[in-house]
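Using the sequences provided together with the hints, build the complete structure.
Read top to bottom, the protein sequences are chains A and B.
The first sequence maps to residues 1 to 225 in the numbering used here.
The second sequence maps to residues 226 to 447 in the numbering used here.
Only true hints are included.
Distance condition first, Cα-Cα at most 25 angstroms in a straight line; then the derived DMTMM-like pairs of lysine to aspartate or glutamate:
(1) A:Lys144 / B:Glu228
(2) B:Lys328 / A:Asp104
(3) B:Lys435 / B:Glu341
(4) A:Lys63 / B:Glu326
(5) B:Lys323 / A:Asp89
(6) B:Lys328 / B:Glu299
(7) B:Lys310 / A:Asp92
I should point out that these hints are in silico values taken from the structure, not numbers from a laboratory.
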Amino acid sequence: MATSDVKLIGAWASPFVIRALIALKVKSISYEFLQETFGSKSKLLLQSNPIHKKIPVLIHADKPICESLIIVQYIDEVWTSGPTILPSDPYDRAIARFWAAYIDDKWFPCLIGIVRGQLEGEAKETVIQQMSAGLVLLEEAFEKCSEGKGYFGGEKIGYLDIALGSFLGWINVTENMIGMKVIDEAKTPCLVGWAERFCADSAVKEVMPEIEKLEEVAKLLQANV
Amino acid sequence: MEEVKLFGATPSPFSYRVIWALKLKGIPYEYVEEDLSNKSALLLQYNPVHKKIPVLVHGGKPIAESIIILEYIEQTWPQNPLLPKEAYERAQARFWTKFAEDKSLTFYAFFRSDGEEHEKAIKDALEVLRILEEQGLGEKKFFGGDTVGLADIAWGWMAYWLGVMEEVVGKKLFEAHAFPRLHEWMENFKKVPAIKENLPERNGMLAHFKRQREILIASSIS
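Below, the structure written as structure tokens:
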């Protein structure tokens with residue numbers, strides 16, 4: 001398939017974009033990355049995602065697909081010759097979807113709340129606790145989903161690995177900000193090993209940004225509030 | 226076939242999404258009505274994270290969150306499909322389904338608030354209706370094309386619950402002449418036998434929502 005046939009509109013720092021990038025890498029799909037400038041939105045983005053005006057947007061044969069998890073599912077369904085991303089068993093798939101939705105709806109707001117740097121005192125403590133508690137739930141989910149193997153997806157990275165793993169860089173940034181580990185041996189031992197494995201995976205290594213670069217972006221986000 | 230149980234609560238539209246999917250596919254199930262003011266130990270066991278209905282239990286294994294349940298039903302019982310075969314069209318169906326999930330808070334705000342927050346909710350809700358009218362349906366009868374699909378079920382509450390909400394709030398949000406496509410979609414949706422035969426009784430709904438709104442307004446004042 002020609003490189004120009006698959007385009008991804010995004011930004012290297014966005015965990016939602018990283019999800020799409022990992023899925024493309026898992027399937028060894030050639031693509032063109034269209035980097036958005038921080039603080040402005042390109043005409044192509046506004047045209048391709050007029051309702052939400054957000055990244056990532058996958059453009060395949062000139063047709064746009066929006067929403068990171070919908071993009072990951074689309075990639076899995078179209079490129080069937082590569083490794084599968086979603087679990088094949090319907091129940092396992094439902095569980096993977098459940099936790100991915102939990103991450104986006106309940107857990108991510110805590111993370112972004114801390115990163116934005118506007119929270120103080122008790123409010124900040126509460127959010128940190130909620131974020132930590134969420135990771136403990138995900139630790140339990142890992143124990144069930146992995147069935148003793150290395151990933152949420154079992155032997156190889158899958159949908160839920162991608163849904164959570166895309167945040168690992170930002171989790172590190174947050175840990176530095178609050179001076180405390182949220183993925184640690186005491187509370188989330190399985191996730192500690194999983195995080196290392198995930199970041200070392202060939203589909204992930206090239207697209208996971210360096211912490212120092214993310215910390216610069218964090219400063220921009222804090223200034224922009 | 227393994228036993229299917231649905232834990233729901235009338236008149237929750239989230240409950241009805243699952244009922245509609247099961248009925249459209251002709252899947253027999255046992256329904257368990259939950260009292261949300263006194264949730265059963267079983268529900269809390271099946272959905273410890275959110276403690277909410279609906280929960281589908283299939284062969285003893287619980288699935289929570291209505292849209293996730295719908296995707297599970299679609300994969301497990303492929304007859305009368307709710308999603309198109311073609312991947313791009315499936316992505317579109319999922320997009321509009323997610324849009325319904327993301328915007329439910331907007332309509333909930335319309336229902337539970339008054340004053341400035343209420344005015345903002347009206348504005349936001351009208352924008353959502355405009356997007357659906359102009360970009361969602363296109364020329365199709367349903368979001369799913371000729372037959373009801375995932376996105377129709379996700380938005381289905383609007384065909385019946387919205388009118389009740391408007392009556393309780395005392396404010397009309399949806400005017401047929403302003404949203405002709407949506408209006409026609411609502412009428413068509415309610416005509417589908419599996420939907421028509423599975424709607425909560427209106428008077429009961431009205432009384433329930435009146436009580437709900439009173440409680441919510443009172444708690445926001447204190």
